[in-house]
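Trainee: One-letter residues, chain by chain:
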Amino acid sequence: MKNFKENNDKNYDFVLKQKVVEALIFSSSDPVPYNELLKRIIDKNILNKILSNLEKKYLSSGINLYVINDTYAFRTSLDVSEFLNIEKIVPKPLSRAATETLAIIAYHQPITRSEIENIRGVSLSRGTLDVLLELQWIQPGYRKSTPGNPLTWKTTNLFLDYFNLKNIRDLPGIEDLKNSGLLDKNKVIFNDQSEDEI
Amino acid sequence: MKNFKENNDKNYDFVLKQKVVEALIFSSSDPVPYNELLKRIIDKNILNKILSNLEKKYLSSGINLYVINDTYAFRTSLDVSEFLNIEKIVPKPLSRAATETLAIIAYHQPITRSEIENIRGVSLSRGTLDVLLELQWIQPGYRKSTPGNPLTWKTTNLFLDYFNLKNIRDLPGIEDLKNSGLLDKNKVIFNDQSEDEI
Amino acid sequence: MLKLSSKKNDILSLSLDGFEGPIDLLLNLARDHKIDLTKLSILKLAEQYLEFLDHFIKKDIDIAAEYLVMGAWLAFLKSKLLLPDETEDMSVTSEEISELLEFKLKRLEGMQKVSKLLFKRYKLGTHFFKRGNPEIFGIYKKNQYNSSLYDLIKTYGQIITFNNNKSITIADTQLYSVEYALNTLKSFFKHSKDWRDLLDFIPNNLINKLERKSALASHFVASLELVKEGSLQLRQDSFNDNVLLHSK
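Residue numbers (the numbering used here), protein chains in the order written: chain A, 1 to 198; chain B, 1001 to 1198; chain C, 2001 to 2248.
These are calculated hints, taken from the structure and not from any lab test. Accuracy of the hints is not assured; some may be wrong.
[Unchecked claim] With a Cα cut of at most 30 Å, we get these calculated DSSO-like pairs of lysine-lysine:
hint	chain 1	residue 1	chain 2	residue 2
1	C	K2213	C	K2248
2	A	K154	A	K178
3	A	K144	A	K44
4	A	K166	B	K1057
5	C	K2120	A	K166
6	B	K1144	B	K1166
7	B	K1166	A	K144
8	C	K2154	A	K92
9	B	K1044	C	K2130
10	C	K2130	A	K57
11	B	K1010	A	K56
12	A	K57	B	K1044
13	C	K2106	A	K166
14	A	K166	C	K2130
15	A	K57	B	K1049
16	A	K154	C	K2120
17	A	K154	C	K2123
18	C	K2123	B	K1144
19	C	K2186	C	K2113
20	B	K1154	B	K1144
21	A	K39	B	K1154
22	B	K1166	A	K39
23	B	K1049	C	K2130
24	A	K154	A	K39
25	C	K2113	A	K166
26	A	K92	C	K2120
27	A	K92	C	K2123
28	C	K2154	B	K1166
29	B	K1056	A	K56
30	C	K2123	B	K1092
31	C	K2228	C	K2193
32	C	K2106	C	K2123
33	A	K92	A	K144
34	A	K39	A	K49
35	B	K1057	A	K10
Build out the structure end to end from the sequences listed, making use of the hints.
Mentor: Structure representation (structure tokens):
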């Protein structure tokens, strides 16, 4: 009898915890980091079980649970996107320089400013990185240990969220680019002395 | 056979409509009026069925479907809300003074109060450091060995955490700021060199 | 040297028409030649590019500056091709150079392609949506401020800019005053009864565009002033003709 009750308590406890996680992710408009959730649930095994339960639960709903790197977010399902003509925020189109720079950062990250310029063959005009920073799509990575310690740039989770990507391995066409060696960072064009000045 | 297929189509259609209603309520910033939903679904019977389905579906979830005066909204379930001590906090930007002070501490730490005032050219009001202290973004550093032994301030790990930096060194440097367009060049009034557009 | 002169203007106008970056220019040049990138004559391409750049430097140094990254690299390639390296270990064969250029162009093309692919994806706020009415829990108490890293570094940038700009430099200028122009015109027409072109009064030792423009403007204003006084006549035969002055 006691055992039964304990079991029941355990189950009740699990259900409550699942509800808490569900409510935490659901109530936030930005992706919630795994670590934030873990602060509530403490036990990794339980949290993992809850997250996989929730993913399944919402699989065939109008809302799905998205995993973006190690963050979690509910987003409306892509199945219904054409039926949801609600107030869409029409984003101001980015300049070509900005979209290309974004792609270069996304596919080559972490990457320094001079490496970006090297790839585009143009010096980065003022304001290009600025726009991407303001959108919170890029953030500083570490500093390289080459002379001058140039800063590297990388993409953020908000970038992944915006483009419906799970992680950067999910970037369109990245496999092809990799296989054809075009993302080979070691293939730095020779004699680029200017490479590492900031 | 034909009947069966039709039935299946009907069922598919119903499921899709339910997903649409679910997604609409989820993504709307205000509770959605019944009439708004009816515009999408047309058939009252179907809409009523969908709404009652959704209500049931979310009854034992961390989120419930609430009906308030003929409008529909998802809200965190009361079971868990006490658990999450919900407070409606409207996020607001830090005050200008606090942001400036934080930026100066971040870039110049460890730095004394009078040094901060020196850079900003304004005296620090009482509340400014308090706000940053309360957020646990700054902490006292050592005391300087200059006369009066003034206390220095530095940023905390929570600060790094919040701004998603691994290391304080990863803040973009002056050169990076310049290059990304965040620093304007020295302004020169009426410069002959800028004559081209005149 | 090259049959580029007739095409030069095309390229230039293209580059002004939302045509951005030497990548496109290089790719376009390569395509124009209908040459497989692998069989491309780098020397020719480099020369065309550099000639284009040269032309641009004269025209608009700001645009040309953007193109210099690729320009410098191509100039380097060209020198490698023209002057065989004397130090053995440093020498680079022309095949290696071809390969590198090909790699560079392909990579650029690849990046342009994927940037388009990226923006063709389903996008948040357009095709799928986040919670419209988020609730914020006590757990996020530290998030009661929504400052971003961008706010922080932008603010710092502004502080630095402000501190650097505490002193405002007012540059020396040599602008022509209307009084000066009035005196010149008056003293000239005291002795002359001929029609004279307004442009004749602009000192021809002015190299600076701004100074020239200010001289022109003040002389024109001064001549209007004299017409009003009734001591001068102005004439312009048709819209694009020069303005002629004559004493009354």
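Trainee: For B/K1166 and A/K144, compute the direct alpha-carbon distance and say whether it is at most 30 Å.
Mentor: 13 Å, holds
Trainee: Please work out if C/K2123 and B/K1092 have their alpha carbons no farther apart than 30 Å.
Mentor: Cα-Cα ~26 Å, so holds.
Trainee: For a C-alpha distance cap of 30 Å, please report whether C/K2106 and A/K166 respect it.
Mentor: 27 Å, holds
Trainee: Do the alpha carbons of A/K39 and A/K49 lie within 30 Å of each other, as the hint requires?
Mentor: This hinted pair holds, its Cα atoms lying about 16 Å apart.
Trainee: For the pair supplied as a hint, C/K2106 and C/K2123, confirm whether the alpha-carbon distance does not exceed 30 Å.
Mentor: Status holds; Cα separation ~27 Å.
Trainee: Starting from C/K2113, check that the Cα of A/K166 is at most 30 Å away, please.
Mentor: Distance of about 21 Å is within 30 Å: holds.
Trainee: With the threshold set at 30 Å, check whether the alpha-carbon distance from C/K2123 to B/K1144 stays at or below it.
Mentor: 52 Å, violated
Trainee: Check the hint pairing A/K144 with A/K44 against an upper bound of 30 Å on the C-alpha distance.
Mentor: With Cα atoms ~34 Å apart, A/K144 and A/K44 exceed 30 Å; violated.
Trainee: Check whether the Cα positions of B/K1166 and A/K39 lie no farther apart than 30 Å.
Mentor: Status holds; Cα separation ~20 Å.
Trainee: Check the hint pairing B/K1154 with B/K1144 against an upper bound of 30 Å on the C-alpha distance.
Mentor: 13 Å, holds
Trainee: Keeping to a limit of 30 Å between CA atoms, is the pair of C/K2154 and A/K92 held or broken?
Mentor: Satisfied, since the Cα-Cα distance of roughly 21 Å is no more than 30 Å.
Trainee: For the pair supplied as a hint, A/K154 and C/K2120, is the alpha-carbon distance within the 30 Å limit?
Mentor: 21 Å, holds
Of the numbered hints given earlier, the model fails hints 3, 18, 19 and 33; all others are met.
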